[in-house]
Amino acid sequence: MPDSQQQKKHTIVALVQNQPGVLMRVANMFRRRNFNIDSLSVGRTHREDVSRMTIVIDNTRANAYKVMSNLLKLIPIIDVADVSADLHVSRDLALVKVRSNDAESRNALTLLCEKFPARIVDIGPDVVIVEITAQEEIVEAFIAEADQIGIVEMVRTGVVAMGRGVRILDVPDEEEALEMSANGHRV
Amino acid sequence: MAKRLLSGSEILLECLVEQGVQYIWGYPGGAILPTYDALPKYRDRIHHILVRHEQSAAHMADGYARATGKVGVCMATSGPGATNLVTGIATAMMDSSPIVCITGQVPRPVIGTDAFQETDVTGITLPITKHNYLVMDIHDLADAIREAFYIAASGRPGPVLVDIPKDIQNQKIEWEYPTTPLKLPGYRPPKMATQEQVTEALKLINEAKKPLILAGHGLMMSGSTNEARELAEIAQIPVALTLLGKGAMPEDHPLVIGMMGMHGAAASNYAIQDADLLIALGMRFDDRVTGNLKTYSPNSKKIHIDIDPSEINKNVKVEVGIAGDLKAVLTQLLPGVEQNSHAEWMGKIRDWMEDSDERDIIHRDTGNILLGAQVINDIWKHTGGEAITTTDVGQHQMLEAQYYPHKRPLTMISSGGLGTMGFGLPAAIGAKFGKPDEEVWAIVGDGGFQMTMPELATAVQEGIHVTIAIINNGFLGMVRQWQELFHDKNYSETPMFSPDFVKIAEAYGIPAMRITNRSQIEGAVAFSRSYKDSRVPVLLEFVVEKEEMVYPMVPAGANLHDMVRRPKVSEE
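Heads up: the sequence lines are chains V and E, in that order.
Take the first sequence: its position 43, counting from 1, is numbered 43 in the numbering used here, and each next residue is one higher.
Take the second sequence: its position 64, counting from 1, is numbered 64 in the numbering used here, and each next residue is one higher.
Don't read these hints as lab results, they were simulated from the structure.
Note that beta-carbon positions come from the ideal geometry of N, C-alpha and C, so glycine has one too.
One or more hints might be untrue.
Said to hold, decoys possible - Pair ranges (Cβ atoms, derived):
#, chain 1, residue 1, chain 2, residue 2, range
1, E, 293, V, 8, 34 to 40 Å
2, V, 85, E, 203, 26 to 32 Å
3, V, 150, E, 150, 54 to 60 Å
Unchecked claim - When the alpha-carbon atoms are kept at most 25 Å apart in a straight line, the in silico DMTMM-like pairs for lysine to aspartate or glutamate are as follows:
#, chain 1, residue 1, chain 2, residue 2
4, E, 294, V, 58
5, V, 73, E, 252
6, V, 73, E, 286
7, E, 183, V, 49
8, V, 66, E, 200
9, E, 317, V, 176
10, V, 66, E, 522
11, E, 327, V, 82
12, E, 191, V, 58
13, E, 183, V, 38
14, E, 183, V, 114
15, E, 191, V, 82
16, E, 327, V, 170
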C-alpha cells in the first residue's frame with residue numbers, strides 16, 4: 001500500500017428508526033454522493049423501534065466525516081459514530097461451501113478449521129459448508145486458504161461492530177438531544 | 001377540543017389550517033379527488049390556486065416561500081401529477097426552499113400493482129426532498145403533516161413530500177388535533193458554536209489584514225442579515241455576495257463589493273483570490289462560485305458558518321468550520337469583534353471596482369441597439385431598486401444579478417442551484433401572493449418563458465398583477481454564449497422562434513408592449529405601473545441584441561482570477 005493512512009478503513013455504526021424505507025434512504029445517499037462502501041449490514045437492536053447499521057468504508061478521515069454528516073442529514077438516522085476511531089470489537093461471518101470430494105481436500109479442510117475460528121456446519125458427499133466468525137482480516141485470510149482447496153459458493157454478512165467499554169451509542173433523551181444540537185458539531 | 005368524525009382529507013386540511021397555510025397551488029386528479037372534494041369547506045381559510053402545470057405549482061409555492069420565509073404548499077394527483085412536480089421539488093431542494101408537497105396516491109390495496117396513474121413518488125423524490133412520507137395508516141397522517149412542516153422550515157430548509165393513498169383520504173375516524181410532541185429523535189439541527197470555535201474564529205477575524213465576508217442565502221433564511229452587517233461594519237470588512245445572497249446586505253452599502261463567481265464582479269473575484277481571510281456565511285462554495293478549487297483563494301484562512309454540517313469541508317477545506325445557526329453563532333461572535341478600518345485593503349478593492357466601471361457596457365452609447373444590460377439597469381432605475389424580481393436561468397439572470405442591485409433581503413428570487421428554465425413567471429406569481437403590496441417583476445428570457453408561459457392564464461384567473469419582462473434575443477442566450485466562446489460559434493439548436501408575445505398577451509387579456517429602443521424603457525415601466533391596482537399581469541417584450549455577451553466570465557473550471565473581461569473602450 002502506498003500510503004496506509006489513505007487506505008485506512010472506517011467502521012461507522014448508525015442507529016436508525018426502525019421504519020420502512022430507511023435502508024433505501026441510506027443506500028440512495030451513498031449512491032448519490034458517490035461514496036464507495038465496503039459493506040453494510042443492518043439488524044435489530046434490543047429496542048423494538050431502533051435498528052442498527054454497520055457501514056465499512058475504505059477512505060480517509062475526512063471522508064468518514066462526509067459519510068457521517070450526510071447520514072445524519074437523513075431524518076430517520078438517530079445517531080452515528082466512527083467506532084474504528086477507538087478501541088472496538090468487530091466481527092464478520094462467512095458461510096463458505098468448499099469442495100471436499102477426496103481425502104486430500106477433506107484433510108486440508110480439517111486442518112484449516114483447526115487453524116482458524118471456523119467450523120464445519122454441513123457435510124455432504126462432495127461439498128461441506130464451513131462457518132467462520134472473526135475479524136474481517138481473519139475471514140479474508142481463511143477465504144484465501146479455503147480457495148486453494150476450492151470454494152464453490154460463499155456468503156458473508158458484512159462487518160458488525162461495537163465500541164469497547166462504556167462508550168454507548170444510544171437514543172438520546174430530550175435533554176441530551178438539545179445538548180447535542182447546541183454543541184455546534186453533530187459529528 | 002372534542003373528537004370529531006373526519007375523513008383523511010379533512011384531517012389533512014385541518015392540519016394545514018393549523019400550520020397557518022393560506023394558499024395551496026395545485027391541480028386536481030383522480031387520486032387526490034377526495035381532498036379536492038373537501039376543499040370548498042375550507043374556502044374561508046385556504047385559497048387554492050389552479051395552475052396550468054404541476055411544475056409551476058411547486059415553483060409558485062417556492063416563490064411564495066422565498067419571498068415570505070413561510071412554508072409554501074403545493075398539491076397534485078398521483079402518477080403524472082406527481083412526476084410533473086419533480087423539477088419544482090428539485091429546484092426547491094437545491095436552493096433550500098421550504099415547501100410541502102401533497103400528492104394523492106392510488107388506494108393502498110392496489111399499491112404495487114401498476115394501477116392506473118400509479119407512480120412510486122416517494123421513491124422518485126427521495127434524493128430531491130429533505131424528507132418524504134408515504135402515509136399507510138390514517139392514524140399517522142396528522143403527524144406526517146406536522147413533521148413535514150417542521151422539517152421543511154427548520155434547520156437547513158427544504159422540500160418535504162407527503163404521499164397519501166386515496167382510500168386514506170376517504171377513510172373516516174374519530175379525530176382531534178394531536179398535541180403530543182413530534183417524535184424525531186434523530187433530527188437535531190445544530191445551533192451554537194463551541195467556545196473553542198468562537199475563540200479561533202475571533203482570532204482569525206481580529207488578526208486579518210485582508211478579510212472578506214462571503215454572504216449567502218443562509219443569512220436571509222436565518223434572519224441574521226443585521227448581525228452580518230454589524231460584523232462587517234465594526235471591523236470594516238468588505239462583503240461579496242452569492243447570487244442567492246443578493247439582498248443579504250443593501251447593495252448600495254459602501255462595504256458591498258458585488259456578486260462573486262462565474263459572472264460575478266471582477267473586484268469580488270480578485271478580492272477572494274487576494275484575501276487572507278474568507279468568512280463564509282450561509283453559502284456552500286458551489287462550483288459556480290469557486291471556479292477551479294485547486295487555485296481558489298490560495299492565501300486565505302477560511303471560516304465557514306453554515307447550518308448544514310455536511311457543507312463544512314465539502315468543497316473547500318476550512319480552518320474553522322462551524323455547523324450552527326447563523327444568528328446564534330454571529331451573536332456569539334459579535335462581542336469579540338474588534339474595530340478595524342482595513343483602509344489599505346479597501347483601497348485595493350476600490351481600484352478593481354473602478355477598472356470594472358471603465359469596462360462597463362452600461363456607460364456606452366450603443367445607438368439603436370438595445371442591450372439586455374440596459375433593459376435591466378433601466379428597470380432597476382425606474383423601479384427605484386425596490387421591486388421583488390424573479391428570474392429563470394441564463395443571460396437575463398446574470399444581467400439581473402449584475403444590473404439590479406437589491407436593497408432588501410428576500411427580494412431576489414432565482415433558481416440558483418438547479419438553474420431551472422421556466423422558474424421566473426410561476427415564482428413571481430407565488431411571491432406576489434405572499435407580498436401583495438410589493439411590485440413584482442418576472443425577468444425572463446424568451447426560452448425559459450415559453451416553458452411555463454401557460455401560467456399567464458393562472459395569473460389572469462387569480463387577478464395577480466405581476467410584470468413579465470421578456471428579454472427576447474431570439475437565442476438560448478447563455479448556451480449561445482458558450483457556443484461562441486468554446487465551440488467556435490457553432491450555434492447548434494440555440495436560435496429560437498418565438499410567437500408574437502404581444503399578441504399572445506392580448507389573447508389572455510393581458511396588457512402588453514413591445515420595446516425596441518432604450519428610450520422606451522421608462523415609459524414601459526410607467527405603463528406596467530399604471531395597472532398596479534387593476535389586478536392583471538402586464539407583459540413587456542424587450543427585443544434586444546441577439547449576440548450580447550455577459551462579462552466578466554470565469555469559464556467553467558478555470559481559475560477564479562482568470563476572467564474573460566470586456567475590454568476597455570481605449571483597448572477596443
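Hints versus structure:
no. : hint                          : verdict
1   : 293(E) <-> 8(V): 34 to 40 Å   : 24 Å, violated
2   : 85(V) <-> 203(E): 26 to 32 Å  : 27 Å, holds
3   : 150(V) <-> 150(E): 54 to 60 Å : 58 Å, holds
4   : 294(E) <-> 58(V)              : 24 Å, holds
5   : 73(V) <-> 252(E)              : 37 Å, violated
6   : 73(V) <-> 286(E)              : 19 Å, holds
7   : 183(E) <-> 49(V)              : 12 Å, holds
8   : 66(V) <-> 200(E)              : 22 Å, holds
9   : 317(E) <-> 176(V)             : 30 Å, violated
10  : 66(V) <-> 522(E)              : 52 Å, violated
11  : 327(E) <-> 82(V)              : 30 Å, violated
12  : 191(E) <-> 58(V)              : 31 Å, violated
13  : 183(E) <-> 38(V)              : 32 Å, violated
14  : 183(E) <-> 114(V)             : 50 Å, violated
15  : 191(E) <-> 82(V)              : 23 Å, holds
16  : 327(E) <-> 170(V)             : 30 Å, violated
This entry does not satisfy hints 1, 5, 9, 10, 11, 12, 13, 14, 16, going by the numbered hints stated previously.
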